[in-house]
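Here the protein sequences come in this chain order: A and B.
Under our numbering, the residues of the first sequence are numbered 26 to 466, in order.
Under our numbering, the residues of the second sequence are numbered 6 to 209, in order.
Honestly, the hints are just simulated from the structure, not real lab data.
The reader is advised that the hints may include incorrect statements.
[Said to hold, decoys possible] Below are the DMTMM-like pairs computed for lysine to aspartate or glutamate, each with C-alpha atoms no more than 25 Å apart in a straight line:
(1) K117(B) / D153(B)
(2) K253(A) / D112(B)
(3) K117(B) / E95(B)
(4) K209(B) / D152(A)
(5) K253(A) / E95(B)
(6) K209(B) / E85(A)
(7) K117(B) / D62(B)
[Said to hold, decoys possible] Partial list, derived from the structure: chain B residues whose beta carbon lies under 10 Å from chain A:
(8) L24
(9) S36
(10) G131
(11) T186
(12) S197
(13) L198
[Said to hold, decoys possible] Taking CB as the label site, the calculated pair distances span:
(14) D175(A) / T162(B): 42 to 48 Å
(15) Q189(B) / D116(A): 35 to 41 Å
(16) A160(B) / M384(A): 50 to 56 Å
(17) G453(A) / A141(B): 43 to 49 Å
(18) P137(B) / D175(A): 33 to 39 Å
(19) G131(B) / S357(A): 34 to 40 Å
(20) D116(A) / T183(B): 35 to 41 Å
(21) G73(A) / W34(B): 17 to 23 Å
Here a beta-carbon is modelled for each residue, glycine too, at the ideal position from N, C-alpha and C.
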Amino acid sequence: MTTTAHERPDNSAGESGWVKLVSVTLSRAYLIGLATLAAIAVLPGLLGWTPSVVQSESMEPHVATGDVVLASDLPDASPLPVGAVITFRVDDRTIVHRLVSVNDDNTLVTAGDANPQLDPWSAARSDITGQARLLVPHIGLPGVWMQRGDVVPLALWGALTVTALVLAVPGSPRRRTSKHRGGRARRPSMVPIAAGVVGLLVVAVVAVPIAPVDAAFSATTRATSSWKAASYPLITVGAMTGFGAISYNVIQDTSTSTYQSTIVGNAALTPGFIISGFRDEDIDTVHANDEAANNAMTSAKAARTAIGQRPYSRILSPALSGTLTGGIYGSSTGAFSVAGTLTLDARGDPSARFVFASMGALTMAQRASIVLVNGARAGNVWWIVGTTATLGTLESGTPNTTAVGNIIANGDVALRGVNLTGRAVSTGGSVYLNGRIAPTS
Amino acid sequence: MKKPTNRTRAIIGFAAAPLAILLAGGLVWQSSYAAFTATTRSAGNSWSTGSVALTDDDRGVAAFSATNLVPGATGTKCIVVTSTASVPGEVRSYVANLSTSGATLGDRITFKLESGTGGTFNDCTGFVPSGPVETATPITAVATARHDYATGGHAWTTAGIAAGESHTYRGTWTFDTTGLTQAQVDALQGSSLSADLVWEFRSK
Numbered sequence: 026m027t028t029t030a031h032e033r034p035d036n037s038a039g040e041s042g043w044v045k046l047v048s049v050t051l052s053r054a055y056l057i058g059l060a061t062l063a064a065i066a067v068l069p070g071l072l073g074w075t076p077s078v079v080q081s082e083s084m085e086p087h088v089a090t091g092d093v094v095l096a097s098d099l100p101d102a103s104p105l106p107v108g109a110v111i112t113f114r115v116d117d118r119t120i121v122h123r124l125v126s127v128n129d130d131n132t133l134v135t136a137g138d139a140n141p142q143l144d145p146w147s148a149a150r151s152d153i154t155g156q157a158r159l160l161v162p163h164i165g166l167p168g169v170w171m172q173r174g175d176v177v178p179l180a181l182w183g184a185l186t187v188t189a190l191v192l193a194v195p196g197s198p199r200r201r202t203s204k205h206r207g208g209r210a211r212r213p214s215m216v217p218i219a220a221g222v223v224g225l226l227v228v229a230v231v232a233v234p235i236a237p238v239d240a241a242f243s244a245t246t247r248a249t250s251s252w253k254a255a256s257y258p259l260i261t262v263g264a265m266t267g268f269g270a271i272s273y274n275v276i277q278d279t280s281t282s283t284y285q286s287t288i289v290g291n292a293a294l295t296p297g298f299i300i301s302g303f304r305d306e307d308i309d310t311v312h313a314n315d316e317a318a319n320n321a322m323t324s325a326k327a328a329r330t331a332i333g334q335r336p337y338s339r340i341l342s343p344a345l346s347g348t349l350t351g352g353i354y355g356s357s358t359g360a361f362s363v364a365g366t367l368t369l370d371a372r373g374d375p376s377a378r379f380v381f382a383s384m385g386a387l388t389m390a391q392r393a394s395i396v397l398v399n400g401a402r403a404g405n406v407w408w409i410v411g412t413t414a415t416l417g418t419l420e421s422g423t424p425n426t427t428a429v430g431n432i433i434a435n436g437d438v439a440l441r442g443v444n445l446t447g448r449a450v451s452t453g454g455s456v457y458l459n460g461r462i463a464p465t466s
Numbered sequence: 006m007k008k009p010t011n012r013t014r015a016i017i018g019f020a021a022a023p024l025a026i027l028l029a030g031g032l033v034w035q036s037s038y039a040a041f042t043a044t045t046r047s048a049g050n051s052w053s054t055g056s057v058a059l060t061d062d063d064r065g066v067a068a069f070s071a072t073n074l075v076p077g078a079t080g081t082k083c084i085v086v087t088s089t090a091s092v093p094g095e096v097r098s099y100v101a102n103l104s105t106s107g108a109t110l111g112d113r114i115t116f117k118l119e120s121g122t123g124g125t126f127n128d129c130t131g132f133v134p135s136g137p138v139e140t141a142t143p144i145t146a147v148a149t150a151r152h153d154y155a156t157g158g159h160a161w162t163t164a165g166i167a168a169g170e171s172h173t174y175r176g177t178w179t180f181d182t183t184g185l186t187q188a189q190v191d192a193l194q195g196s197s198l199s200a201d202l203v204w205e206f207r208s209k
């Protein structure tokens, strides 16, 4: 103010009068507005509407912290108000969010207007506590501040309100006294009563425990994950069933006359056709270049391919001995040899598979033996040989080497004094037998 | 300027109260109208500054993705989860959308999630676990035990730093066929499993 009372007494008096009128009027308007908001927040409770104070910002920009949301009950018969804002309970909290849609299983899809993502929880219709009808802005803020211990805004608001209360009561005690001295009967002023009502309502808003409602923020991020177990062709005897020897070239009994080799099963030749040294009773059936022979050879190659696709479970040093459990074993040198006794332990699992796959040769010493224990089956033992398989050393006499498994070699398979439970397959050479082969499936 | 006359005082005095009531009522009506009559979410492109976002650094790449699993196969990934919430809250993790095809691979993929600091996606160098010691558990069991926020684990309390605060999680999976017969292992061939590892933030 640039003028002073000394220079412009009238104007100054006029201005101060206006200032007083404006400040009194603004104070009253503020208090009455506050009281109105408070009344709107509290009174619909009498109609059964549920007031709740919003605690967070996820419904911005329309609903902010400190707003009071009044929700009406949702009658059981009424349809779900898709698109509307509802209050509902999740994990012991009340949430005010928008009902976006309803899933096929009748769970609710909800979202905060300020949340980019849909809510991660799924409420059911029975969780709905009401549909939001009225929003009384800001009136719950003092309560929120008080609850959170936000002293500064609470103090500022308190000071503002107290100031307004003081200003709203017009006149100073001095003026009132002089007025009343004039002889008029003192009329009870409505202003202090109104101020009292306003004060009470404000206190009510601060103190009355209006249920807090969360416009809870939530957000999720996810790491997608997928696992797929490897899929391999079966390792199976297949069409080799019943065959004890399958040869690319020839199958020859190399035993001397003192001992006659036998195959307790069939023999296959493809594309070769020469089988020599066997009597008719030494072999069940000889299949030379027929469908059965071709199928048996195809199965042998398929089994070898299937094994080749699998990773080794362990690489062993070439001299096999001791006890091994199921697995696919490679050789550190490319060859395998059995000098003594090799025990294959299935540990009670009849499906346990023992695969020995090498690029090089397989050899077994005379009198060496392979022993199956704890349910191991000869049909589940596989020898994949890159070059030749030479088992035993006997040129004549009773077999004294014990072998098991499906031996599938690129080159020749020579069984010299061997009892083989399994089969001998040469995919590129011949099978020479001094001994006995008993095929297994 | 003249002093306000008594008549002016009276008019303004009488007008102030109804005006204030009308204003307050109008404010409520307008707010309610704006908030509760729209039936769609706000346009979708202008999220409030108060909104939260939880991101991870996998850039949309499947975090744990492995095919051609053979028994004993294992893998480890670190994922940095960043919260840009402006309000304090808590982030928890759980498993969602578990789906299996074929045999029960989910019982055979064990998963261990550790919470800590350091490391980045694809590179766990510098990761320091800070939570309790975790044990590897079949992923189906994890999904049963931790399937939503309420049952979620690895609680990480965020302070509400809008500029972002991060936490690292190290996940280790193993294709564990211990105790299975070869036939059972073979039966798992080609079976697959997918699941989402979810981190969820909720404001306090």
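Hint consistency between K117(B) and D62(B) [alpha-carbon to alpha-carbon, up to 25 Å] = holds (19 Å)
Using 10 Å as the Cβ threshold, decide whether S36(B) counts as touching chain A.
-> holds (4 Å)
Does T186(B) pass the interface hint, meaning its C-beta sits closer than 10 Å to a C-beta of chain A?
-> Constraint on T186(B) satisfied, holds at 4 Å.
25 Å limit on alpha-carbon distance, applied to hinted pair K253(A) and E95(B) | Distance ~33 Å between K253(A) and E95(B) Cα, so the pair is violated.
K209(B) and E85(A): Cα distance at most 25 Å?
-> holds (17 Å)
Hint check: is the beta carbon of S197(B) less than 10 Å from a beta carbon of chain A?
-> holds (4 Å)
Range hint compliance [Cβ, D175(A) to T162(B), 42 to 48 Å] = violated (20 Å)
Going straight from one Cα to the other, do K117(B) and D153(B) come out at no more than 25 Å?
-> holds (17 Å)
D116(A) and T183(B), beta-carbon distance inside 35 to 41 Å?
-> holds (38 Å)
Range hint 50 to 56 Å (beta carbons of A160(B) and M384(A)) holds or violated | holds (55 Å)
Range hint 33 to 39 Å (beta carbons of P137(B) and D175(A)) holds or violated = Roughly 35 Å apart at Cβ, these two residues keep to the hinted range, so it holds.
Should the interface hint for L24(B) be scored as holding, given a Cβ-Cβ cut-off of 10 Å against chain A?
-> holds (7 Å)
Violated hints, listed in ascending order, are 5, 10, 14; each of the other numbered hints is respected by the structure.
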